[in-house]
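K.L.:
Listed below, chain by chain, are the residues.
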Amino acid sequence: MRILSLLLLLVCLPVSAAEYGIVDAGKSSLAFTYRQMGVPVDGSFAKFTASMRFDPARPAAAKAAIDVDLASIDTGSPEGNDEVAGKQWFDTKNHPVAHFVSTAVKPLGGNRFELDGKLTMKGRTHDVGGQFTYAPRGSSAAFDGDLVIKRADFAIGEGEWADFDTVANEVRIKFHILAMARK
Amino acid sequence: MNSTRYTATAIVLHWLMVVLLVTLFCVGLYMSDLPVSPWKLKVFSWHKWAGVTVFLLVIVRLGWRVTHRPPALPSGMPEWQQWAARGGHALLYVLMFAVPLSGWLMSSAKGFQTVYFGVLPIPDLLHKNKELGELLETVHQTLAWTLAGVVTGHAIVAFVHHYVDHDDVLTRMLPHHRRRGRGS
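So the sequences go chain by chain: P and R.
Here the first sequence is numbered in the numbering used here, starting from 1 and rising by one per residue.
Here the second sequence is numbered in the numbering used here, starting from 1001 and rising by one per residue.
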C-alpha cells in the first residue's frame, strides 16, 4: 500500500511542478503610482496583453512580455487622460503601444524574484528592473510585482512638463498577473 | 482693556481670514477653468494648502471666540438686528468650516490626497469615487459662493453701521482703533 501511494505521488509530482503560461487577462491588472506636487496619485491601464512562461523550478528559463494599450490609461482624472495622450506625453497617436520584454529572472529566495527587461515606449528602449512574488493558487498562480521607471528616459512629459517640480520623474508600475498552468 | 473693542488676537485672526478667504475664492474661480499644465497643478496645491490653513485657523478662531466674549452690540440696535447679527456670525463660522471641509472631501473622492505643503499627508476620509467627487465639487462651489455672499453682506452691514448708524461696530474690528462715540 505504502509503495503504491509513493508511486502515485511520484506520478503526480511532475504535474504539480507546473509551468504557468496562460494569462487570465480578466483577473490581471496593470497600475502605476506617480507623484504630483509630492502627492502620490494612482493610475492604471485597462487594456494590455501579457504572455509568459514561468516554472518555479526553473526560474532562469522564465519569460514574460507585455504590450500595453497606452490609450487605455486612467491617470486618475478625465482631463489628465486627455492631456497624457498628447504629443508631450505618450503621443498615443504615433506610439500607441508600450512593449516590455523580460531579459532575465533571478530567484531571490522564498517566492521573490528579480525581473529585468527592456521597455519600449515612444520609440525609446531602456533597461528596467524590479521584483515580483510568485504565489501558487491551485492550478493557477499570481505574480505581483513592480518596476520603477523614469519617465524622462522615455520622453514622457516634455516641454513644460520636462522638469520634475510638479510631476516626479519616478513612476512605479505595479502588475498583478494571474496565470494558469499549461496542460 | 477696553471691553468695547475686540481683542488684538481676534482682530488679527479676522483680517488674516479676510485676506485668505478673498484670495482663496478668487484663486478658486481662476483655477477651475485653467487648462492642464504644471501651473494648474501648482495652483491647485497652493489652494488646498491655503484651505487647510484656513480650516486650522478657524479652529483657533472659534476657540478664541468661545473663551473671549466679543464686545456687546450697540445698545440702541433693534432686537431683530441683534438676532440677525448673531445668526450671520454663526453662519460665517459654519461656512468657514464647511468650505475647506468640502474641499478636502472632494479631493479625497477625486483621488487626489491633500498633502499639506507637500509634506504632511492628510488622511483621505473618502475612497475614490467619481460621482461622489463631482457631487462634492458642486457642494464645494456652492458653499464657497454662499460664503462669498454672506461675507459680502457682512461687509455691507459693517459699512452701514459705520456710515449710516455711526456706531463703532466697524472700527472696533480695525487694527488701529480710532475713538468714536458709541450709538451717537
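One or more of the hints may lead you astray.
As the list claims (entries may be wrong) - Result set (EDC-like, lysine to aspartate or glutamate): computed pairs, CA atoms no more than 20 Å apart in a straight line:
| hint | chain 1 | residue 1 | chain 2 | residue 2 |
| --- | --- | --- | --- | --- |
| 1 | R | Lys1040 | P | Asp67 |
| 2 | P | Lys122 | P | Asp55 |
| 3 | P | Lys47 | P | Glu83 |
| 4 | R | Lys1130 | P | Asp82 |
| 5 | R | Lys1110 | P | Glu83 |
Please keep in mind that the hints were generated in silico from the structure rather than gathered at the bench.
K.L.:
None of the hints should be skipped; say for each whether it holds.
P.N.:
Cross-check of the supplied hints:
Of the pairs offered as hints, the one joining R/Lys1040 and P/Asp67 is violated, with about 32 Å between alpha carbons and a cut-off of 20 Å exceeded. As the CA atoms of P/Lys122 and P/Asp55 are separated by approximately 32 Å, the hinted pair breaks the 20 Å bound. About 19 Å separates the Cα atoms of P/Lys47 and P/Glu83, which keeps this hinted pair within 20 Å; it holds. A distance of roughly 16 Å separates the Cα atoms of R/Lys1130 and P/Asp82; the hinted pair therefore holds under the 20 Å criterion.
Between R/Lys1110 and P/Glu83, the direct Cα distance comes to roughly 17 Å. Compliance with the 20 Å bound is thereby established for this hinted pair.
Hint violations for this structure: numbers 1 and 2, all remaining hints satisfied.
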